[in-house]
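**Student:** Spelled out, the chains give:
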Amino acid sequence: MFEYRELIRNLTIAELKNRYQNTSLGFLWSLLSPFLMALVLWFVFKNLFKQEPNFAINLIVGIMMWRFFATATSACLQGIVSKPNLVTKVYLPRQILVLSSALSALIGSLLEFVVLIPIIYFLLGYLPWTIILYPFIHFIFFLAIYGLGLLLSSFYVYFRDLSQIWEVLISILIYCSPIIYPISVVPAYLVKYYMLNPITHFVFIYRDLMINGQLPSLTNLVVVVLFALIMLLIGNLVFSKLQRRFAEEI
Amino acid sequence: MTAIVVENISKKFRIPHEKKRTLFHNLIGIIKRQMSYEEFWALKDINFEIKAGETLGIIGKNGSGKSTLLKILARVLYPDTGTVSQEGKVASFLELGVGFQSELTAEENVYIYGSILGMTRSEVLQKYDQIFDFAELNNFKNMKLKNYSSGMYLRLAFATAIHANPDTMLIDEVFAVGDTAFQKKCSDKITEFQNQGKTIVFVSHSMESVKQICQRTLLLSGGKIVSLGPTENVIKKYMEISQ
Numbered sequence: 191m192f193e194y195r196e197l198i199r200n201l202t203i204a205e206l207k208n209r210y211q212n213t214s215l216g217f218l219w220s221l222l223s224p225f226l227m228a229l230v231l232w233f234v235f236k237n238l239f240k241q242e243p244n245f246a247i248n249l250i251v252g253i254m255m256w257r258f259f260a261t262a263t264s265a266c267l268q269g270i271v272s273k274p275n276l277v278t279k280v281y282l283p284r285q286i287l288v289l290s291s292a293l294s295a296l297i298g299s300l301l302e303f304v305v306l307i308p309i310i311y312f313l314l315g316y317l318p319w320t321i322i323l324y325p326f327i328h329f330i331f332f333l334a335i336y337g338l339g340l341l342l343s344s345f346y347v348y349f350r351d352l353s354q355i356w357e358v359l360i361s362i363l364i365y366c367s368p369i370i371y372p373i374s375v376v377p378a379y380l381v382k383y384y385m386l387n388p389i390t391h392f393v394f395i396y397r398d399l400m401i402n403g404q405l406p407s408l409t410n411l412v413v414v415v416l417f418a419l420i421m422l423l424i425g426n427l428v429f430s431k432l433q434r435r436f437a438e439e440i
Numbered sequence: 263m264t265a266i267v268v269e270n271i272s273k274k275f276r277i278p279h280e281k282k283r284t285l286f287h288n289l290i291g292i293i294k295r296q297m298s299y300e301e302f303w304a305l306k307d308i309n310f311e312i313k314a315g316e317t318l319g320i321i322g323k324n325g326s327g328k329s330t331l332l333k334i335l336a337r338v339l340y341p342d343t344g345t346v347s348q349e350g351k352v353a354s355f356l357e358l359g360v361g362f363q364s365e366l367t368a369e370e371n372v373y374i375y376g377s378i379l380g381m382t383r384s385e386v387l388q389k390y391d392q393i394f395d396f397a398e399l400n401n402f403k404n405m406k407l408k409n410y411s412s413g414m415y416l417r418l419a420f421a422t423a424i425h426a427n428p429d430t431m432l433i434d435e436v437f438a439v440g441d442t443a444f445q446k447k448c449s450d451k452i453t454e455f456q457n458q459g460k461t462i463v464f465v466s467h468s469m470e471s472v473k474q475i476c477q478r479t480l481l482l483s484g485g486k487i488v489s490l491g492p493t494e495n496v497i498k499k500y501m502e503i504s505q
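Chains as they are written, first to last, in the working numbering: chain P, 191 to 440; chain S, 263 to 505.
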């Protein structure tokens, strides 16, 4: 796939341009909307969780992370079906189509992160040094999302209602990890189920690095790395099997 | 030196009695046991070789499997049996302008299309002026592609494609479109490629064009090879079985 790096680059840039081309605020909107969402949620929840330290900043970091997950997986899901000509009329390794969608979402999320830095500084009064390790966790998350994207995009070719199904799943999944609410309000008997959710571990690592100034715990790290590797493995396996009949189904 | 070896290729298509495009319908189908489908063998036991520098025509009635065979050569479809081996860089022209994005300018699209055809960025940079000269679109480099007329679109696509410099070209009747001037440019270029020793596989309904450029021709009928040999003879055979 490395031979195709030019094409990956070109497709990613084309996708970025397409996404921001016709919107009025353009790229600024994608920065504004997560902040608005976080603002509303913070306002609603601040009266419920006022004893939680740094509730606002924890919320914003969680929302940012989740939005990357939601946007990237949705973009990947459409990755193949949105470029039918590149499947039916010419040969190229089809993983490229999913990779370029994932990369364009990644770039968007990195820009959001850049805007997040001054906000963290403003709310905390300082920047934890561990924030420099952000690229590592973000890269691991990206790999997990790319693997999941391969899975979703290949199934979507055959099952066109997957986009709606995934939308519903995403809106439910956000409640299955301590993004909108802190883990402290979760009753003890449910906590172990939260820990089964890999997203929970990702959230902890993001918050440790960006807010608490702590290095992530070993458990968290092992879970997220394993999850990313497994998703990549399964994603690639399923994709290479299913892609054989893409040109017949599109 | 053989450029393409096709061994034992067969391809079947699954045509469900009821096309189910959603997970929901598929689940219902499994429960109600309505998952039957017809098997349609578009190609059966295809074996042939193409020598490097040769131009092979593929002819046959509609539905005989020509496009399917070409798509398998282009690696867009996967055969159910057999193998295809290819030497050198293969560019497929099943359609011109694959990957063109209407929201981007012509210049950006040339880079994208170029990379799809296997050209590196520096290659495109190098041939950039030649491409736009050939297409006669020097004044429209920065115009968005959605504002291009269909003729301009074709010229740009073709100009980029021919500068891709593949070793083998797979052509599926794309050059049947465009005005006479464009058609002439196409056939001139094809002659040039033949003189350069490039291998060409040409699927067409036009016996004129096939006679003009192909040394050997393959005749398909019902997914099987009926005849393979010098163009004149094969075309005659085609006429016979069409009666």
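Bear in mind the hints are in silico, worked out from the structure with no lab data behind them.
Be aware that a few hints might be false.
Claimed, not checked - When the alpha-carbon atoms are kept at most 25 Å apart in a straight line, the in silico DSS-like pairs for lysine-lysine are as follows: (1) S:Lys408 - P:Lys431; (2) S:Lys473 - P:Lys431; (3) P:Lys207 - S:Lys408; (4) S:Lys451 - S:Lys486; (5) S:Lys403 - P:Lys207.
As the list claims (entries may be wrong) - Which residues of chain S face chain P? A few of them, derived with a C-beta cut under 8 Å, are: (6) Ser272; (7) Phe275; (8) Glu280; (9) Thr284; (10) Lys333; (11) Leu339; (12) Lys351; (13) Ser354; (14) Gln363; (15) Ile374; (16) Thr382; (17) Leu387; (18) Tyr390; (19) Phe444; (20) Cys448; (21) Asp450.
As the list claims (entries may be wrong) - Restraint ranges, calculated between C-beta atoms of paired labels, are given here: (22) P:Ile309 - S:Met405: 53 to 61 Å; (23) P:Phe326 - S:Asp441: 54 to 62 Å; (24) P:Val375 - S:Gln296: 27 to 35 Å; (25) P:Leu323 - S:Thr367: 55 to 63 Å; (26) P:Asn426 - S:Asp441: 45 to 53 Å; (27) P:Ser430 - S:Thr367: 15 to 23 Å; (28) S:Gln296 - P:Val358: 23 to 31 Å; (29) S:Glu470 - P:Asp351: 42 to 50 Å; (30) S:Glu369 - P:Phe326: 31 to 39 Å; (31) S:His279 - P:Leu386: 22 to 30 Å; (32) S:Thr264 - P:Cys366: 54 to 62 Å; (33) S:His279 - P:Ile424: 30 to 38 Å.
Backbone N, C-alpha and C fix where the C-beta goes; we use that ideal spot for every residue, glycine too.
**Student:** Decide, hint by hint, whether the structure agrees.
**Tutor:** Cross-check of the supplied hints:
Pair hint Lys408 (chain S) plus Lys431 (chain P) does not hold up; C-alpha atoms about 36 Å apart against a cutoff of 25 Å. Annotation: proposed proximity of Lys473 (chain S) to Lys431 (chain P) is violated, straight-line Cα distance about 41 Å (limit 25 Å). Between Lys207 (chain P) and Lys408 (chain S) the CA atoms are separated by roughly 15 Å; this keeps the pair inside 25 Å, and the hint holds. For the hint linking Lys451 (chain S) to Lys486 (chain S), the alpha-carbon distance of about 31 Å lies beyond 25 Å, and the restraint is violated.
Proximity of Lys403 (chain S) to Lys207 (chain P) is assessed by CA-CA distance (about 18 Å); at most 25 Å being required, the pair is judged to hold. Against a cut-off of 8 Å between C-beta atoms, the interface hint on Ser272 (chain S) is violated, since the closest Cβ of chain P lies about 14 Å away. A least Cβ separation of about 7 Å between Phe275 (chain S) and chain P falls short of the 8 Å threshold, and the interface hint therefore holds. The closest approach between the C-beta of Glu280 (chain S) and any C-beta of chain P is roughly 15 Å, which is over the 8 Å cut-off, so the hint fails.
With a cut of 8 Å, the hint placing Thr284 (chain S) at the interface with chain P holds, because the nearest CB-to-CB distance is about 4 Å. Among the interface hints, the one on Lys333 (chain S) holds; its C-beta lies about 7 Å from the nearest C-beta in chain P, closer than the 8 Å criterion. Against a cut-off of 8 Å between C-beta atoms, the interface hint on Leu339 (chain S) holds, since the closest Cβ of chain P lies about 5 Å away. Nearest Cβ of chain P to the Cβ of Lys351 (chain S): about 11 Å, over the 8 Å cut. The hint is violated.
Annotation: Ser354 (chain S) was flagged as interfacial toward chain P, and the flag holds, the nearest CB pair being 6 Å apart, inside 8 Å. Nearest Cβ of chain P to the Cβ of Gln363 (chain S): about 5 Å, under the 8 Å cut. The hint holds. The criterion of a C-beta within 8 Å of any C-beta in chain P is met by Ile374 (chain S), whose closest approach is roughly 5 Å, and the hint holds. The interface hint given for Thr382 (chain S) is met, as the beta carbon of that residue sits about 6 Å from the closest beta carbon of chain P, less than 8 Å.
Because the smallest distance between the Cβ of Leu387 (chain S) and any Cβ of chain P comes to about 11 Å, over 8 Å, the interface hint for this residue is violated. About 15 Å separates the beta-carbon of Tyr390 (chain S) from the nearest beta-carbon of chain P, more than 8 Å, and the hint is not met. A cut of 8 Å between beta carbons decides the hint on Phe444 (chain S): the least distance to chain P is about 20 Å, and the hint is violated. At a threshold of 8 Å, the smallest CB-CB gap from Cys448 (chain S) to chain P is about 18 Å, leaving the interface hint violated.
With its C-beta approaching chain P no nearer than about 24 Å, Asp450 (chain S) sits outside the 8 Å limit, and its interface hint is violated. Checked against the hint of 53 to 61 Å, the C-beta distance between Ile309 (chain P) and Met405 (chain S) comes to roughly 41 Å, which is inconsistent with it. At roughly 57 Å, the beta carbons of Phe326 (chain P) and Asp441 (chain S) sit within the given window of 54 to 62 Å. Checked against the given bound of 27 to 35 Å, the beta carbons of Val375 (chain P) and Gln296 (chain S), roughly 48 Å apart, lie outside it.
Taking 55 to 63 Å as the suggested C-beta distance range, the pair Leu323 (chain P) and Thr367 (chain S) does not conform, at roughly 40 Å. Distance hint for Asn426 (chain P) and Asp441 (chain S): a CB-CB separation of about 46 Å, consistent with the stated range 45 to 53 Å. Range check, Ser430 (chain P) to Thr367 (chain S): Cβ separation about 35 Å, and the 15 to 23 Å hint is violated. The supplied range of 23 to 31 Å is met by Gln296 (chain S) and Val358 (chain P), whose beta-carbon atoms lie about 26 Å from each other.
Take Glu470 (chain S) and Asp351 (chain P): their Cβ atoms lie about 48 Å apart, and the range 42 to 50 Å holds. At about 37 Å, the CB distance of Glu369 (chain S) to Phe326 (chain P) agrees with the hint of 31 to 39 Å. For His279 (chain S) paired with Leu386 (chain P), a C-beta distance near 42 Å fails the hint of 22 to 30 Å. Between Thr264 (chain S) and Cys366 (chain P), the C-beta spacing of about 58 Å keeps the proposed range 54 to 62 Å intact.
About 32 Å separates the C-beta atoms of His279 (chain S) and Ile424 (chain P), a value consistent with the hinted range of 30 to 38 Å.
Hint violations for this structure: numbers 1, 2, 4, 6, 8, 12, 17, 18, 19, 20, 21, 22, 24, 25, 27 and 31, all remaining hints satisfied.
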